[in-house]
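S.K.: Residue strings, one per chain:
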Amino acid sequence: MMSSPVGVFADKLVDFIEYYFGWLLTLFKEILDLALELLGYVLNYPGPALFILVLIGVSVLITKRIVLPLLIGAAFCIIWWMGYWESSMVTLNMVIVATAVAVIIAVPLGIWAANSENANPVIKALMDFMQTMPAFVYLIPAVIFFGLGAVPGVIATVIFAMPPVVRLTNLGIRQVPREMNEVADAFGSTEWQKLTKVQLPIAMPSIMAGINQCIMLSLSMVVIAAMIGGGGLGGDIVYALSRIDIAMGFEAGLAIVLIAVTLDRLTQSFKEKAIA
Amino acid sequence: MSSGTTRKRPIKAVDNMFHDRITVGMEKIRARIKGSVKNFTEEHRPPPKKVRTAKEIFGGAETPTDKEGNQIMIRVRNLSKIYGKHPQEALRLLEGGLSKEEVQERTPNNVGLYDVSFDVMRGEIFVLMGLSGSGKSTLERCMNRLVEPTSGQVLIDGLDFTALGEEDLRIARREKMSMVFQNFGLLPHRDVKNNVAYGLEMQGVPESERLEKSKTAIDLVGLSGYENSMPSDLSGGMKQRVGLARALATDPDILFMDEAFSALDPLIRSDMQDELIRIQSKLGKTVVFVTHDLDEALKMGDRIALMKDGRIVQVGRAEEILQNPANEYVDRFVREVDRTKILTAGLFMRKPRRVLYVTQGPRTALKLMDSSDRNDMLVINRDNRLLGMVESDDVLRAVQSGDKDLSNVVIREIPSVGPDTPMKEVIQIMVTTDFPIPVVDGDGVFLGVVSPSVAADTMGPGGEE
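So the protein sequences, as listed, match chains S and R. Heads up: the first sequence runs through residues 0 to 275, numbered per numbering that gives the first Met the number 0. Heads up: the second sequence runs through residues 0 to 464, numbered per numbering that gives the first Met the number 0.
There could be a bad hint or two in this list.
Using 30 Å as the maximum straight-line C-alpha spacing, the simulated BS3-like pairs for lysine-lysine come out as follows [to be verified]:
| # | chain 1 | residue 1 | chain 2 | residue 2 |
| --- | --- | --- | --- | --- |
| 1 | R | Lys-37 | S | Lys-193 |
| 2 | S | Lys-193 | R | Lys-54 |
| 3 | S | Lys-196 | R | Lys-54 |
| 4 | R | Lys-33 | S | Lys-196 |
| 5 | R | Lys-33 | S | Lys-193 |
| 6 | S | Lys-193 | R | Lys-212 |
| 7 | S | Lys-196 | R | Lys-27 |
| 8 | R | Lys-366 | R | Lys-307 |
| 9 | S | Lys-193 | R | Lys-84 |
Rather than coming from a laboratory, the hints here were simulated on the basis of the structure.
Given only the sequences and the hints, what does the whole structure look like? Please build it.
M.R.: Listed below in structure tokens is the structure:
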């Protein structure tokens with residue numbers, strides 16, 4: 000089938016990137032592979048029982064409550080009992096790595112957008128594009144650049160889940176009252192001190208809301224990422240779909256919901272802490 | 000733990016029970032980690048980088064003096080600030096004799112300040128006063144370059160401050176000057192002591208010394224005991240005390256205050272004004288104080304600059320401005336707030352040391368009156384409304400007849416005045432009684448008292464003609 004010049008351009012662009020920046024992409028892939036492998040090792044090392052205990056302990060420290068962590072423990076027990084432990088760990092691994100990469104890229108981008116009137120509209124347009132372009136489309140170049148497996152899944156997830164962090168970081172910093180910026184200047188702060196000691200702490204609730212959104216979007220991408228061999232719970236669902244296996248599909252779906260609720264509640268309590 | 004609401008929600012109760020323990024435990028662990036990190040960093044601290052100090056920057060210049068030999072701390076010369084795209088063009092038109100309105104009509108620019116010159120002496124409180132939009136805040140911000148002036152000079156201690164590079168400007172702001180803001184400008188994520196220490200942190204003072212100095216500043220403004228409170232827990236007056244402490248903590252020569260007390264209630268504002276005057280006379284700082292309130296300007300200012308449309312209309316001491324208004328504008332401004340109106344009861348009232356609540360028993364009342372050595376005392380109800388006064392003889396009778404409260408012995412017909420009542424009238428009332436005159440607002444809420452001694456002081460030489 001013939002493509003219009005738009006499609007041809009996208010095609011050529013992908014070729015161009017692969018030819019000239021292939022080495023950079025390979026480096027990126029290796030780093031992500033390493034991160035996934037290391038985190039996977041950490042997640043799988045303790046085994047389900049110990050993992051759940053540690054999870055409860057960490058939740059207690061984060062939320063400073065006792066009931067919610069116990070409920071979280073119960074949720075993971077259900078996942079274990081249903082037999083989706085290993086898939087869950089793969090999914091959790093991908094979500095954590097994707098969110099971490101997204102935050103590392105998105106927060107500086109958001110800060111840049113907040114401080115530059117030139118960069119702001121460009122970044123805004125880019126974020127709109129990234130968020131509205133159907134997520135499946137990212138899979139095509141991701142496969143070309145990174146092959147099959149978890150890494151292209153993570154990359155597609157990062158692109159899809161990053162915009163809210165950029166937007167809310169931008170918004171949070173722009174909403175810092177003018178007087179606060181004047182305080183920083185009047186006491187002779189450097190730009191770096193102004194950012195780290197005044198703007199970011201005041202913008203923190205907004206940034207945390209963005210990170211929370213980012214995690215939720217990452218989770219919603221796991222099924223799509225599974226289509227290019229991302230594996231995990233998404234892989235189970237794709238498999239169940241191909242076999243019209245209602246039981247398996249529902250169980251894997253429920254596991255995703257439980258993980259989503261857990262991560263949401265944990266990051267929410269971070270946000271509350273940032274506000275207080 | 001066992002109140003009605005928590006019993007209805009057992010999960011919340013359990014949660015709350017653990018919440019406190021977890022918090023305390025984590026706080027301990029955090030403190031221990033912080034301690035060991037601190038030890039480590041203090042052992043391995045790199046030698047401090049050599050940066051210029053404000054002394055080196057300002058050392059070269061010679062402080063100018065006026066005819067009487069007073070040192071000029073800040074000298075502002077032909078300062079202009081034009082907002083908009085082509086400031087130079089607007090400036091040329093202004094030099095050609097066009098007014099602010101005409102220039103703003105002909106060009107897309109906005110005139111903030113035009114050709115402002117004045118001197119601020121070392122150790123004086125200099126008030127910039129004008130209505131909103133007169134450019135007083137812009138002028139103050141040009142003096143510490145939060146707003147960059149379009150043209151003109153600001154000399155601080157004889158040094159051309161407007162010509163300083165970015166690094167020197169930062170150093171000067173850290174050590175030479177500081178600022179107090181209208182809406183306090185406290186960092187919401189820091190407690191009081193760390194808010195106060197912000198300027199010291201910028202100076203690179205080590206943490207232990209920082210907190211020590213911050214404590215001194217907090218004591219100075221009378222906030223001892225609130226070091227660990229968060230700004231959100233404080234009242235407006237206390238917040239501005241923190242703002243003041245932060246500005247004083249770096250021991251600057253110059254204090255810029257931008258409508259610093261405008262957001263406060265009248266009585267607290269009056270307290271803060273007294274506080275600033277006390278601190279200023281103790282530390283001898285040079286204060287540039289922006290306000291739109293003529294009462295405040297007259298009370299605070301050693302000298303006052305009256306501004307209109309981005310220009311200074313008159314500079315002088317309060318009496319000079321009141322007696323010889325430089326032009327019609329000043330005259331009108333001053334007359335609108337004419338002298339008998341300026342000297343109102345609200346300005347001179349104080350909080351009394353003690354008042355009685357009507358619900359208090361007569362025995363308690365007697366004891367309080369005895370301990371404060373008075374035969375009479377004002378009585379208010381729970382809503383802070385003034386009811387009247389009681390005399391000790393009557394209270395004694397109430398004790399003997401076994402009254403539960405003071406309502407039977409309150410003398411309700413006593414003279415009172417409003418905060419806007421001119422002092423002239425207050426004094427006329429005062430002559431007929433021996434008591435402090437209570438001040439109440441329109442709803443009968445008790446605000447304070449004007450005592451004869453205060454009134455006598457303030458109505459002294461020059462007050463009445």
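S.K.: Evaluate each hint against the coordinates.
M.R.: For each hint, the structure was consulted:
| no. | hint | verdict |
| --- | --- | --- |
| 1 | R:Lys-37 / S:Lys-193 | 23 Å, holds |
| 2 | S:Lys-193 / R:Lys-54 | 24 Å, holds |
| 3 | S:Lys-196 / R:Lys-54 | 26 Å, holds |
| 4 | R:Lys-33 / S:Lys-196 | 19 Å, holds |
| 5 | R:Lys-33 / S:Lys-193 | 24 Å, holds |
| 6 | S:Lys-193 / R:Lys-212 | 22 Å, holds |
| 7 | S:Lys-196 / R:Lys-27 | 24 Å, holds |
| 8 | R:Lys-366 / R:Lys-307 | 56 Å, violated |
| 9 | S:Lys-193 / R:Lys-84 | 28 Å, holds |
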